[in-house]
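There are 2 protein chains.
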Amino acid sequence: MSSQRATAFVPGHVTAFFSAHPDDDPAVAGSRGAGLTLADGVTVRVSAPDGAVDGDGNDGGGNDAADASDRDANADGGSRTVDGESRSIGAVDDVLAELDATAADVAVETDLPIGAGFGVSGAAALGAALAANDAFDRARTENDLVRIAHAAEVGRGTGLGDVVAQARGGVPVRLEPGAPGAGELDGVPATARVEYVTFGELSTETVLGGDTDALTAAGEDALDRLREDPRLPTLMDAAREFAREADLLVPEAAEAIDAVDAAGGEAAMAMLGRTAFALGTGLSDAGYDPEACRIDAAGARLVER
Amino acid sequence: MSSQRATAFVPGHVTAFFSAHPDDDPAVAGSRGAGLTLADGVTVRVSAPDGAVDGDGNDGGGNDAADASDRDANADGGSRTVDGESRSIGAVDDVLAELDATAADVAVETDLPIGAGFGVSGAAALGAALAANDAFDRARTENDLVRIAHAAEVGRGTGLGDVVAQARGGVPVRLEPGAPGAGELDGVPATARVEYVTFGELSTETVLGGDTDALTAAGEDALDRLREDPRLPTLMDAAREFAREADLLVPEAAEAIDAVDAAGGEAAMAMLGRTAFALGTGLSDAGYDPEACRIDAAGARLVER
Chain A
1 MSSQRATAFV
11 PGHVTAFFSA
21 HPDDDPAVAG
31 SRGAGLTLAD
41 GVTVRVSAPD
51 GAVDGDGNDG
61 GGNDAADASD
71 RDANADGGSR
81 TVDGESRSIG
91 AVDDVLAELD
101 ATAADVAVET
111 DLPIGAGFGV
121 SGAAALGAAL
131 AANDAFDRAR
141 TENDLVRIAH
151 AAEVGRGTGL
161 GDVVAQARGG
171 VPVRLEPGAP
181 GAGELDGVPA
191 TARVEYVTFG
201 ELSTETVLGG
211 DTDALTAAGE
221 DALDRLREDP
231 RLPTLMDAAR
241 EFAREADLLV
251 PEAAEAIDAV
261 DAAGGEAAMA
271 MLGRTAFALG
281 TGLSDAGYDP
291 EACRIDAAGA
301 RLVER
Chain B
306 MSSQRATAFV
316 PGHVTAFFSA
326 HPDDDPAVAG
336 SRGAGLTLAD
346 GVTVRVSAPD
356 GAVDGDGNDG
366 GGNDAADASD
376 RDANADGGSR
386 TVDGESRSIG
396 AVDDVLAELD
406 ATAADVAVET
416 DLPIGAGFGV
426 SGAAALGAAL
436 AANDAFDRAR
446 TENDLVRIAH
456 AAEVGRGTGL
466 GDVVAQARGG
476 VPVRLEPGAP
486 GAGELDGVPA
496 TARVEYVTFG
506 ELSTETVLGG
516 DTDALTAAGE
526 DALDRLREDP
536 RLPTLMDAAR
546 EFAREADLLV
556 PEAAEAIDAV
566 DAAGGEAAMA
576 MLGRTAFALG
586 TGLSDAGYDP
596 EACRIDAAGA
606 RLVER
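Protein sequence lines correspond, in order, to chains A and B.
Numbering follows this note's numbering, with no gaps: position 223 of the first sequence is 223.
Numbering follows this note's numbering, with no gaps: position 293 of the second sequence is 598.
Bound conformation, chain A alone (with noise of 0.2 angstroms):
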């Protein structure tokens, strides 16, 4: 099963409200949470140069890593794009180097805007794990690749419950933090059409390395009402709360959320972005222009190339 080319799909995620949970361990770092994955996504192609790919694929264990000769053949690394333009990711860069696969060239792919709470770079980073695995024939297992691409974007602050939440898809609660083996997850239940509209970007790593006494207060608070009743309104009202408690509304996203009540429809703000997502036909109805897609029912996966 020794492919050279490979290529995995990501949902894209916009939570809901989050709690932070930091641990000098990434893969025990995280949160707790809940969000929406979506059908618009991340694709990520990862194709292996000749001879970085075992032939034989007999390394005789799944987790060892690649050995000494394979890791100095690919010293120079290969080309890194994300929509066709030349640029790199961290956390994809920090995954490719676990799974021994710098000499990858990788094209990140996305009608997603960056930086606005989509978590497209989670979604790279585990579509990379995904499609280097298989282009390299690693053989790691769906959760040791989760486990990779979460600590990869916990290492760069860069996020801390995208990865696993986009690897399950639907509508993620994240009950304990952390990669598999740690974290512990559930779901609500539930199809839908999403909107979405963003205004900008908005630091995550600023927001993350801050105080988040506050927000991790107000994240538990809305979790437990998820909980208590697990079903999408209550989600979307948990998630109003919470930007509001934690003081992360930003005018653009409460001035679209108030316009969408005001049609009778369910909106909230993505964390973290200047981005505001609804249900249904929720920001048309509201005058916007919005995006639109569907929940992902799958999660990350790969895809024919």
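Be careful, since some hints might not be right.
[Said to hold, decoys possible] Per label pair, the in silico range of CB-to-CB distance:
1) Asp388(B) <-> Gly210(A): 56 to 64 angstroms
2) Ser86(A) <-> Ala497(B): 55 to 63 angstroms
3) Asp224(A) <-> Pro327(B): 35 to 43 angstroms
Everything labelled a hint here was simulated from the structure, so no lab data went into it.
Yeah, the Cβ is synthetic: ideal placement off N, Cα and C, and Gly gets one too.
The hints should help you fit chain B onto chain A, whose structure is shown.
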């Protein structure tokens, strides 16, 4: 979000190998093992009669059973069909009782053969859980619904591991037996075409009701092999060895597996059914006229009606 009708799709699941782990608690009982989920699966449509859904949806807590007046009103029970013919499935009935949704009209539809090792009964139970939860607005989480369907399937003796595998999708590896909260899953990251041929029924109840010691020893060996090298060809090879060691191989499946091997492909027998499945075009290349689909990436999900 109260709704009167809902539809769920659940992938088929062919078990490659397994070990049986009985327990007095059906949510803790289950199996270790691995298999493939299939894009060919089971669709379950649930309609709630007028008055069976709480209009305001405010039970107050997510996990309350509905009140006694609902239960009385629903005592008669709704219709049950499988592929359009009047027929009930024990595990489905138990799921509906647990969700206080026996008044539902439930239609199960599948192109998969029943009793041939595709986990149709587990898929029907899980699909009924997802769709009834939605149609009756019962506010259960995904983990709750998987637990209910798993316990119903185990209680009826018709399966031990299909439900948790079908909930996950992909190529699920059951590391620890049981429903969410007890069990533990991983997955082999893979996408592939799968072909299958069925030669008749095999009673899961009879095999699981007999002495399972040899079967379980062989299943544990197979799982150890897959964990050492979590790749599809290893899964298929471990499955063939399991079928021989557990003395479960039926002649028609053995013949098909040998023919696929002779043609350079990978095939195995579905546990428990008179069914052979192969990766890629294995069965076609060996001269069979198989059904074909792909590995299902998503797992069980609500779908648009």
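Status of the hints after comparison with the structure:
Checked against the hint of 56 to 64 angstroms, the C-beta distance between Asp388(B) and Gly210(A) comes to roughly 58 angstroms, which is consistent with it. For Ser86(A) and Ala497(B), the Cβ-Cβ distance of about 33 angstroms falls outside the hinted range of 55 to 63 angstroms, so the restraint is violated. At about 36 angstroms, the beta-carbon gap between Asp224(A) and Pro327(B) stays in the expected band of 35 to 43 angstroms.
Checked against the numbered hints above, the structure violates only hint 2.
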